[in-house]
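The chain contents come next:
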Amino acid sequence: MAASIENPVLAEDPAKPLKKQRASGSGLGRYVLVRFLLIIPTVWILTTLVFFLMRITGDPITAALGGRLTKAQLQERIEAAGYDRPLIVQYFEYMGGLLRGDFGTTVSDNRPVTDLFLQYGAATVELVFFALIVAFAVGIPLGMLAAYHRDRWPDAALRVFAILCYATPVFFAGLLLKLVFGVLIPLFPASGRASSGTELLMSGVVGPTRIYFIDAIRIGDFEALGDIASHAVLPAIALGLLTAGVFLRLVRTNLIGTLGQQYVESGRSRGVSEFRLVTTHAWRPALIPVITVMGMQIAMMLAGAVLTETTFEWKGLGFQLVQYLLKRDFVAVQGIVVMLAVIVALTNFLVDVIAALIDPRVRY
Amino acid sequence: MSTDGTTTGGVTTGGTSKAPVLSIDGLDVTFVTDAGDVHAVKDLTLAVAPGEVLAIVGESGSGKSVTARSVLGLIPDTATTNGAVVLQGNNVLTASKAQLRKLRGADVSMVFQEPSTALNPVFTIGWQIAEGLRAHNPKLKKKQIRERVVSALEDVGIPNAADRYDYYPHQFSGGQKQRIVIAMALALGADVIVADEPTTALDVTVQAEILDLLRDLRDQRGTAIVLITHNMGVVADLADRVAVMYRGELVETAPVKELFASPKEEYTQALLAAVPRLGADSRSGAGGAGAAAAARAAATTAEAGEAPAAEAGSTFGEPVVTARGLEIVYPGGIGKRDFTAVAGVDFTVHKGEVFGLVGESGSGKTTIGRAIAGLTTATGGSLDVLGYEMVGMKEKTFKPLRKRIGFVFQDPAASFNPQLTVGQCIEEPFAVHRPKMSDADRRREVLSLLDAVQLPTEYAKRYPHELSGGQRQRASLARGIALDPELLVADEPTSALDVSVQAKVLELFRELQDRLGFAAVFISHDLAVVDMLSDRIGVLYHGELLENGTGEQVLTRPDHDYTRRLIASLPVPDPIEQEQRRKEAARLRAAL
Amino acid sequence: MDILKRIPFQRLPIISHLRQAVGLQRGMLIAGLIICALVLIAAIFAPLIAPYGYAQMSYEEGGRFGAQQAPSAAHIWGTTVGGYDVFSRVIWGAQTAVSVIIVAVLLSIFIGVALGLISGYIGGWLDRILVVVADAVYAFPSLLLAIVMAIVISGGQSSAWGGILAAAFSITVVFIPQYFRVVRAETVRLKAEPFVESAIVLGASRTRIITKHVFRNATRTLPLIFTLNSSEAILTLAGLGFLGFGIEPSSAAEWGYDLNKSLADVTSGIWWTSVFPGIAIVITVLGITLVGESMNDLNDPRLRLRKRAGSKKKSAVKETA
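Chains as they are written, first to last, in the UniProt record's numbering: chain W, 1 to 364; chain V, 1 to 592; chain D, 1 to 321.
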């Protein structure tokens, strides 16, 4: 019904001459600004939520060191860290710290959480990047193939494949890959980011990005590069396949949706080939919702990375998160979680902007 | 080139000098739907001569659209087809995929109903037109393509075509989009164009322009057009020959003048009789209807026991709805301008009077109807409904008045809760306003209401989706009048219905209004329909009320050029009269 | 229950879907239903099916199972590094999984649906705040949030039913925003539907409109979300278990926990400790997803397969009056 009311957007004034609207990009600019401002409440809500939830269980000192220190020692540490003050004071202090880029200091090994990011973030970025390549390379073409052969056997097979990808927990996929290609048929290394020699080499790089792939290229050591690449294969496939399944389904459903649109029929009525209808006419409009959901999936990959890194002993942020969890160091956990929240919010923002750039209705 | 001579000769069997460009021979199509198999087209035989406009007319379910699609081989795989559709010596139904691709666009192409969905929103229009050219001549150079696209756009009257090559569809108005769709269809020089309801989604004034464009193209290029439509006015305007279809079967074919002057088949006669004709059956106009209105007016005033209200020219009772400088503005949200849907409108609806609001899309007619029923907030001026000021209304204080207002929605399919039976839906007013009423009493009321709208009483137990569109709209009327309201707002109640069904629903509305004497605001885009029912007509244009008077006044002595254009643009179901009106409309447009 | 009575049997979800489905979609739906039934049977009859208890490490007649024993007659799927019987723990694991799904999904449905209906229909500030909160939580990787919740609820480690409830509550919090979003979107859409507007015009009260008109129509897609979320609940539970937030092996069997413990086995070629619990997870999620996917296809007229014309004797030609 709402659409049939005189819609302000649709009700163009035919009397008004069509002016050139291209010059003014104000629509997009405004969209980007509004979308950017939306990051603030998102991040604020999550940090607040996480802060209070983590504090319900008590102070982090007792949680981490409870068994090991005497009551008096504990009390001393608690007071020193300021955990004896009212919760609301601690909250404002914590938020203030966040604004200054201070994500807290770990209890177990007394390191600023930001340091953890600088040291281990790169490994996670590397893993997610490789996994995304797998996900795109597998998910998108297969999704298009499934839509093209809709309801015939290739479609059925691909859908079962997609569901299997999705139904297999990433750590089980990792375990299977390790078992088959790391142990039974040892094609690839089963754990770690690189062999110890390469690790040593990488730690000696001046001004490291800590993304081994880039660092190896920078120092021009192709043997190391090969070693790094072979280590990345199994984790990237494990994490990538999970996402590939989601991408496959996403592409298939959206393509089938746009293939049923009148404008595809219109193309067909003028002799455009089915292949081109799928890959161009239906693909571009399907891309807009696909990209938005893909953005969310990239965020979800961070959770997958936690499990993948644990499976493959890939020393990234996720691996560290689990280590701190086991040590019951909740300041570190909270810091890492909050920082991931920021990254997720930024990723979703960027992806939405990309989707808007593709959509001419927003662009002009 | 005048086509009259060649087409009236009767092309059905191809016995004329020119061989048909398209011949359909014994076409039979069966589809599968959720409701089971549908035998959509039954043994259809037709032929179209070069340069001829053949209109295929029928109501929903007649199989006309399926026929159109089968000409291009655009029928889904799940359908089974028999017979032949021959184009340039090829049978489309048995052609291979490669043959079909070659044939589509080059020999036959299609114009779609809804231009905004027929254009891909994320590609430029130039690119989209070029796609057809590239598909048929992969060797064409970029520059050649561009030249051909621009000339195709110029042919359909898009100004500054060269600049607009890189525009996206949303940068054009509805009428321009349809021109672009036509340009696409013509770009490859097809001999036959299948136009599937090409003007149904457009406003009347725009429709007239598109029909002129199609006629010009036929005259200049000799392109044959298969026009699929349900609108008899459009048929009278454009067609040379008419094929009438009903439930998949061909009822009759005849040259257009012959068909309108002396329809042979009973179905055709009934169909033509059901079409509302502008001024022919005017309620307010001269003759019997006017006298009846006066009588009714006298009766209501007597009942009211006082002198009629101040409004000049009105002989009705006291005002039920009074709008003074009414403004309705939709807030624009962050960074968007407010949208003024209604800008300073004055009108009065008196007791027992039917006030017709007519206008094209974006005119604000629906908004006014919704504001009267308290569904949209009136933001400025004054809107008095049954003595209640709607500007700044509060649901709590307005609620007691709601039982005195009925509302009939446009889409009968959507205005019933799919989870409730028709009986439960009609019962709802009683459940809300007379909670103490016993179940038996309620049931009795529902049955008598169903009876009043001429529906079988056993329909109370059915679910809305089990009823046809017309039946649902009757049930909707029953719900609207359940509490014997003083005011009924009907928002395009018949625009989703077929002509013959529309005629019956309108007749029912008339009868109920005569019997129950409620005041009504009748909203429609169709001037002829409004004229049939209304004592007074208001013409809205971009939120302003241009005309406000009896049907006779508005139709014969309009104050505004727009109204004159609107009246002239409305095609009448009479080819001879329509030719005259076409000239008049062209003159008015030229004067703009 | 009044609602259930009025809906004819054929219009119930799943049953109506089965009636509509043809070909491939029917195959998928039936396969999914069979798998789900098998998992349910394993869960309910675990004490009868499993030869040993989930925490059993030695034979009744005495003598330990031994750790990492290869599959044999006594232990058809071998034993774990902790000395448990793999087959028994996989079967008992179904019980844990099903209990968690039921508690988690029911809780999130109730809270999510109620919030979504109210927020969507009433709108205003409450709605805006809830939407921003739900969006924020929704965009966040669910496993990370589940970790935080697990810490809050059980302090990380847990025992017996406490563990199941803790896992279920953690998952609930993560899924409430999903239900909320779906139901709210439906409610907002329905609010603009003519049939709701016609109830407004009649002067029906808000409660009447929400309960009678909006609720029933807004919740039609719930069976679908239910299946999709159940599979996600299992994956989250297994993920939590894998990270060491699972249920202690002495209080219940949990597939993710067993997989975590088998991590080291894999490098030495011991495959049975990881493969069987892993496959159990895959099969369960697969079954539920198959049901959900086919329901999704059948709900969407664009995706629904149709029989070829003339394939069935039913040739009721549609009449348009």
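Honestly, I wouldn't trust all of these hints.
Covered by chain D, per the in silico footprint, the following chain V stretches (three or more residues, Cβ under 8 Å) [what the hints assert, rightly or not]:
1) 409-419
2) 434-448
In silico DSS-like links for lysine-lysine, alpha-carbon gap of 30 Å or less [what the hints assert, rightly or not]:
3) V:K399 to V:K436
4) V:K42 to V:K97
5) V:K257 to V:K461
6) V:K461 to V:K396
7) V:K504 to V:K461
8) V:K461 to D:K212
9) D:K212 to V:K436
10) V:K257 to V:K436
11) V:K504 to V:K436
12) V:K436 to V:K394
13) V:K139 to D:K212
14) V:K141 to V:K102
15) V:K141 to D:K212
16) V:K399 to D:K212
17) V:K436 to V:K403
18) V:K139 to V:K102
19) V:K142 to D:K212
20) V:K102 to V:K142
Since the hints were derived computationally from the structure, they do not count as laboratory data. Note that the coordinates shown come from a computational prediction; the quantities given were computed from them, not determined experimentally. Think of the CB as a built atom: it goes at the ideal place given N, C-alpha and C, for glycine as much as any other residue.
Hints versus structure:
1. As drawn, the stretch 409-419 of chain V meets chain D at 9 residues by the rule of a beta-carbon pair under 8 Å; at three or more, the given contact holds.
2. Counting residues of the stretch 434-448 of chain V whose beta carbon lies closer than 8 Å to any beta carbon of chain D gives 0, which falls below the threshold of three, so the coverage claim is violated.
3. Between V:K399 and V:K436 the alpha-carbon distance is near 18 Å, which keeps this suggested pair within the 30 Å criterion.
4. For the hint pairing V:K42 with V:K97, the CA-to-CA distance comes to about 25 Å; that is within 30 Å, so the pair holds.
5. Distance hint between V:K257 and V:K461 is unfulfilled; the C-alpha atoms sit about 47 Å from each other, more than 30 Å.
6. Distance hint between V:K461 and V:K396 is unfulfilled; the C-alpha atoms sit about 33 Å from each other, more than 30 Å.
7. Between V:K504 and V:K461 the CA atoms are separated by roughly 23 Å; this keeps the pair inside 30 Å, and the hint holds.
8. Proximity of V:K461 to D:K212 is assessed by CA-CA distance (about 18 Å); at most 30 Å being required, the pair is judged to hold.
9. For the suggested pair D:K212 and V:K436, the alpha carbons sit about 19 Å apart, so the restraint of at most 30 Å is met.
10. Of the supplied pair hints, the one linking V:K257 and V:K436 is violated, its CA atoms being roughly 61 Å apart against a limit of 30 Å.
11. Under the criterion of a C-alpha separation no larger than 30 Å, the hint pairing V:K504 with V:K436 is inconsistent with the structure, at around 35 Å.
12. For the hint linking V:K436 to V:K394, the alpha-carbon distance of about 26 Å falls within 30 Å, and the restraint holds.
13. With a C-alpha separation of about 63 Å, the suggested pairing of V:K139 with D:K212 is violated against the 30 Å cut-off.
14. Pair hint V:K141 plus V:K102 holds up; C-alpha atoms about 19 Å apart against a cutoff of 30 Å.
15. Only pairs whose Cα atoms come within 30 Å are accepted, and V:K141 paired with D:K212 is rejected, the gap being roughly 63 Å.
16. For the suggested pair V:K399 and D:K212, the alpha carbons sit about 19 Å apart, so the restraint of at most 30 Å is met.
17. This hinted pair checks out: V:K436 and V:K403 have alpha carbons roughly 15 Å apart, not beyond 30 Å.
18. For the suggested pair V:K139 and V:K102, the alpha carbons sit about 15 Å apart, so the restraint of at most 30 Å is met.
19. Of the supplied pair hints, the one linking V:K142 and D:K212 is violated, its CA atoms being roughly 60 Å apart against a limit of 30 Å.
20. For the proposed pair V:K102 and V:K142, the alpha carbon gap of about 21 Å is at most 30 Å, so the pair holds.
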